[in-house]
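**Student:** These are the residues of each chain, in order.
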Amino acid sequence: MSQAKIPKPDELINIEYRPPPTGWMDTQVNFRPGTWSYSGAAKNLTYLDLPNPRVWQPTDEDWKLPENWQEIILAGMKERLEKYRSFRLFMDICVRCGACADKCHFYIGSGDPKNMPVVRAELLRSVYRRYFTQSGKRLGWLVGARDLTVDVLKEWFYYFYQCTECRRCSVYCPYGIDQAEITMIGRELLNLVGCNINWVVEPVANCFRTGNHLGIQPGGIKDMLEFIADDIFDRTGVRIEVPINKKGADILFVTPSADYFADPGTYTCMGYMMLFHEIGLNYTFSTYASEGGNFGLFTSHEMIKRLNAKIYAEAKRLGVKWILGGECGHMWRVIHQYMDTMNGPAEYLSEPVSPITGTRFANARSTRMVHITEFTADLIRQGKLKLDPRRNDHIRLTFHDSCNPARAMGLFEEPRYIINNVCNHFYEMAEDTIREKTLCCGAGAGLGNDENMEMRMRGGMPRAMAVRDVVKKHAVNRLGCICAIDRATLTSLMDYWVPGIKVMGVHELLANALIMKGEKERTTDIRGESLIK
Amino acid sequence: MLMKNLGISIVAVVILIALPALASVQGYNFFLTVFPYAAFAVFLGGFIYRMVKWWIIPVPFRITTTCGQQKSLPWIKQSPLENPAGFWGVAGRMALEIFLFRSLFRNTSVEISGKRPVYGSAKWLWFFGLVFHWSLLIIVLRHLRFFIEPVAPWIAGLSALDGFFEIGIPALYLSDFAVLAGLSVLFLRRVIIPRVRYISLPVDYFALLLILGIVVTGLLMRHFFSTDLLAVKSIVLGWITLSPVVPAGIGIFFYIHLFLVFTLMVWFPFSKLMHLGGVFLSPTRILANNNRRERHINPWNAPVKVHTYAEYEDEFRDKMKAVGLPVDKE
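One line per chain: the protein sequences are R and W, in this order.
With this note's numbering applied, the first sequence has no gaps in its numbers, which climb one by one up to 533 at the end.
With this note's numbering applied, the second sequence has no gaps in its numbers, which climb one by one up to 330 at the end.
Read the hints as simulated data drawn from the structure, not as lab findings.
Just so you know, these numbers come straight off a predicted model, no measurement behind them.
We put the beta carbon where it would ideally sit given N, CA and C, even for glycine.
Warning: the hint list may mix true and false statements.
Calculated lysine-lysine pairs in the DSS-like style (CA-CA distance at most 30 Å, straight line) [as the list claims (entries may be wrong)]:
#  : chain 1 : residue 1 : chain 2 : residue 2
1  : R       : Lys154    : W       : Lys272
2  : R       : Lys384    : R       : Lys437
3  : R       : Lys83     : W       : Lys272
4  : W       : Lys272    : R       : Lys437
5  : W       : Lys53     : W       : Lys272
6  : W       : Lys4      : R       : Lys137
7  : W       : Lys77     : R       : Lys437
8  : W       : Lys329    : R       : Lys321
9  : W       : Lys115    : R       : Lys316
10 : R       : Lys137    : R       : Lys78
11 : W       : Lys53     : R       : Lys473
12 : R       : Lys246    : W       : Lys319
13 : W       : Lys272    : W       : Lys305
14 : W       : Lys115    : R       : Lys43
15 : R       : Lys137    : R       : Lys83
16 : W       : Lys53     : W       : Lys77
17 : R       : Lys384    : R       : Lys247
18 : W       : Lys77     : R       : Lys384
19 : R       : Lys8      : R       : Lys316
20 : R       : Lys384    : R       : Lys533
21 : R       : Lys473    : R       : Lys502
22 : R       : Lys247    : W       : Lys77
Okay, the calculated bits of chain W under chain R, using three or more residues with CB under 8 Å as the criterion [to be verified]:
#  : stretch
23 : 118-130
24 : 192-202
25 : 299-306
26 : 309-319
Turn these sequences into a full structure, and let the hints steer you where they fit.
**Tutor:** Given below as structure tokens:
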């Protein structure tokens, strides 16, 4: 645990939006405890063949950079300027209108002007202009160009690891400039000289080796899933099978490891397993592809591909027809926007068709991976599930759109359709805070660690306050979401800002309502909490 | 910071105004014969160069920003313009962006009030941004009357419509009024709003002041220091027919106006003003969100080092067998 003290909510909310008297180029970064993440451990970098493994911390004066670090960074920039139109264009066309400025939850929660997406991008743009544009080379600060110094690099580290890549700014930008893209490239550049954070690079190393972020080995996964099956028996009286690494299954099911590792994710996992049992789905978990999430997304494009490759490889090895994916945010950014391009085409799979309803998922006909809420919404629509929404009457729910399914997919109605069919008390948060305008949990993109807690509470504040509003207005007591990172981080966020609000996945809600063949009379929900009679 | 950034921009624009004002007769000759071609060549060449340069850079991933419901199951209503699934949806989305500044229309403001953030509507940036850009376009189109003889009916019609209210003689154009209003608001917000002041670079003020200089000199010529329009037209037609003429007695404001326009043309391709072209190439907006339906190709997609199942099983085989998990190799 970190030693940093977090201010009380009442103090933390005193946020000033007045910029400091010194310009951003002249304001040095201050690594204040509670607002940054520990450096990546050498053993993890070594395992992944990443450059410059060493012992260091961001608060050190000397970051032990390679001697030619500037050369490395500038060469890395040049390469990426030639490989990504997004990067070059977003370096060139910003007019600094400021529409993005107050859309970032980290700016709203901290008032630090360098958390305005426009300035976060300028941190990198200023260096781009200085070394890659004629005007920057000749006119310097007049056109916003500056030298690449160690201080600039430290500033990059601090602020690129204070961005959750949620893409809210890009919704409001008149040119669609996406800070997530700039942060991703910025982090890639930092990685070239060995500057990354352990909360990203350790899960990546774990995932590369064991197949999941948490480093759970095959026996552990089997234990956990069987333990969950025992819990299901306990609550429902129904004994279910746990198929793992099963060749000849129709469907490979991939979900974030957090779903079977710890509460409250496990309740969501119970929901998946109960559902699959009830409809008689011939599916399998995999221990090799035991992670839906992909912290490669927070490292580099290359690392996304290295980790993601396992999903298709395992689907091919097991001989399944198609892949079904659990509730996770950034996982779905990778599946939807990167997987097919990076590791496809998956010709050995077939176009996804629901074996229960016969529905063709034409929207997934190339990638051949279906989102669980698309799958379940179809089951409900076709009348294949028996549901008793009254078993959720003790829950007054609001729903948090996770950033990636919202702004990288547009998955809005599918979860809501399920919710409306399994729950009688559902209340939306304010319009400016949901759907494509959804606010962030404040701890995605690898920032959900303890040492960064103050920044997490600041970044999550806008979301928490929107929850608090519906708590006051509608006596909401539960926050639903379709993201494993959310289930972990929103829990801490609620404890801090809106105590008493618990977080749940949509398939936990489904699990409560799902009437199973041969079940005993349910007196509790799947958490073991009493139902309203 | 404001003083420095704004000050230097003002100085730059004043110098640009002073140069033609202080120029000699030889200067004017040069100015009307060589400059127009040079400026036009730099503008056109630079613009094309920048566009081609962006265009040829690969778009390795389809990173659409989705702002509405995806196209998935047939009974779920999709938002075709906010989350397009194909060409026509993208065309519609881009038309909304280009003609109506759709994304900017979403703009909100935030303040902490009663210990919580409160979001308000902030459409004025959208409104004045739109007013500025549209009126500038209309003004540029109106100027085509100097380039075409006889004046095309649509240009005459546009001018007549623009001067519809017939206030003053010659009639005040609505677009002139609108562009001044737009420019003033865009400029004042950079000076007044602390946050926007903080992000403004010297070039941001310079761009607005330069265009303001062009507009003001244009208005002065039209309404206060009448200029011989026939002479102006003969100059412009001279350029087009590659036989530049230098008539005498055209007021100083014409030269200042023209010099600022040339400056803008030369500077344009190397500045942020290239957002005019860049917006048409922005990957988050111009790509359809049909990622799982149609495979997107990355031209530089290269193999990477992966951890294969065989390697994984080699490490964990004994443990897998111990708990009864199937293995590929015994």
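**Student:** Against this structure, judge whether each hint is valid.
**Tutor:** Structure-based check of each hint:
1. Annotation: proposed proximity of lysine 154 of chain R to lysine 272 of chain W holds, straight-line Cα distance about 27 Å (limit 30 Å).
2. For the given pair, lysine 384 of chain R sits about 33 Å from lysine 437 of chain R by alpha-carbon distance, which is inconsistent with the 30 Å threshold.
3. A C-alpha spacing of about 21 Å is found between lysine 83 of chain R and lysine 272 of chain W, which places the hinted pair at or below 30 Å, so the restraint holds.
4. With a C-alpha separation of about 27 Å, the suggested pairing of lysine 272 of chain W with lysine 437 of chain R holds against the 30 Å cut-off.
5. Taking the CA atoms of lysine 53 of chain W and lysine 272 of chain W, the gap is near 15 Å; set against the 30 Å cutoff, the hint holds.
6. As the CA atoms of lysine 4 of chain W and lysine 137 of chain R are separated by approximately 20 Å, the hinted pair is consistent with the 30 Å bound.
7. Annotation: proposed proximity of lysine 77 of chain W to lysine 437 of chain R holds, straight-line Cα distance about 19 Å (limit 30 Å).
8. A threshold of 30 Å between alpha carbons decides the hint, and for lysine 329 of chain W with lysine 321 of chain R the separation of about 23 Å falls inside it, so the pair holds.
9. In summary, the hint linking lysine 115 of chain W to lysine 316 of chain R is not supported, as the alpha carbons are separated by about 54 Å, beyond the 30 Å threshold.
10. Distance restraint check for lysine 137 of chain R and lysine 78 of chain R: the Cα-Cα separation of roughly 15 Å lies within the 30 Å cut-off, and the hinted pair is therefore satisfied.
11. The suggested pairing of lysine 53 of chain W with lysine 473 of chain R is violated, with an alpha-carbon distance near 54 Å, which exceeds 30 Å.
12. With a C-alpha separation of about 17 Å, the suggested pair lysine 246 of chain R and lysine 319 of chain W falls inside the 30 Å cut-off, and the hint holds.
13. Of the supplied pair hints, the one linking lysine 272 of chain W and lysine 305 of chain W is violated, its CA atoms being roughly 39 Å apart against a limit of 30 Å.
14. Of the pairs offered as hints, the one joining lysine 115 of chain W and lysine 43 of chain R is violated, with about 44 Å between alpha carbons and a cut-off of 30 Å exceeded.
15. With a C-alpha separation of about 22 Å, the suggested pair lysine 137 of chain R and lysine 83 of chain R falls inside the 30 Å cut-off, and the hint holds.
16. For the given pair, lysine 53 of chain W sits about 39 Å from lysine 77 of chain W by alpha-carbon distance, which is inconsistent with the 30 Å threshold.
17. Proximity of lysine 384 of chain R to lysine 247 of chain R is assessed by CA-CA distance (about 26 Å); at most 30 Å being required, the pair is judged to hold.
18. Distance restraint check for lysine 77 of chain W and lysine 384 of chain R: the Cα-Cα separation of roughly 21 Å lies within the 30 Å cut-off, and the hinted pair is therefore satisfied.
19. A hinted pair counts as satisfied when its Cα atoms are at most 30 Å apart, and lysine 8 of chain R with lysine 316 of chain R does not qualify at roughly 51 Å.
20. For the hint pairing lysine 384 of chain R with lysine 533 of chain R, the CA-to-CA distance comes to about 26 Å; that is within 30 Å, so the pair holds.
21. For the suggested pair lysine 473 of chain R and lysine 502 of chain R, the alpha carbons sit about 17 Å apart, so the restraint of at most 30 Å is met.
22. For the suggested pair lysine 247 of chain R and lysine 77 of chain W, the alpha carbons sit about 37 Å apart, so the restraint of at most 30 Å is broken.
23. With 3 residues having a beta carbon nearer than 8 Å to a beta carbon of chain R, the stretch 118-130 of chain W meets the requirement of three or more and the stated coverage holds.
24. Only residues whose C-beta sits within less than 8 Å of a C-beta in chain R count toward coverage, and the stretch 192-202 of chain W has 10 of them, enough to reach three; the restraint holds.
25. Counting residues of the stretch 299-306 of chain W whose CB lies closer than 8 Å to any CB of chain R gives 5, so the stated coverage by that chain holds, three being the minimum.
26. Check result for the stretch 309-319 of chain W against chain R: holds, 6 residues qualifying (beta carbon to beta carbon below 8 Å, three or more required).
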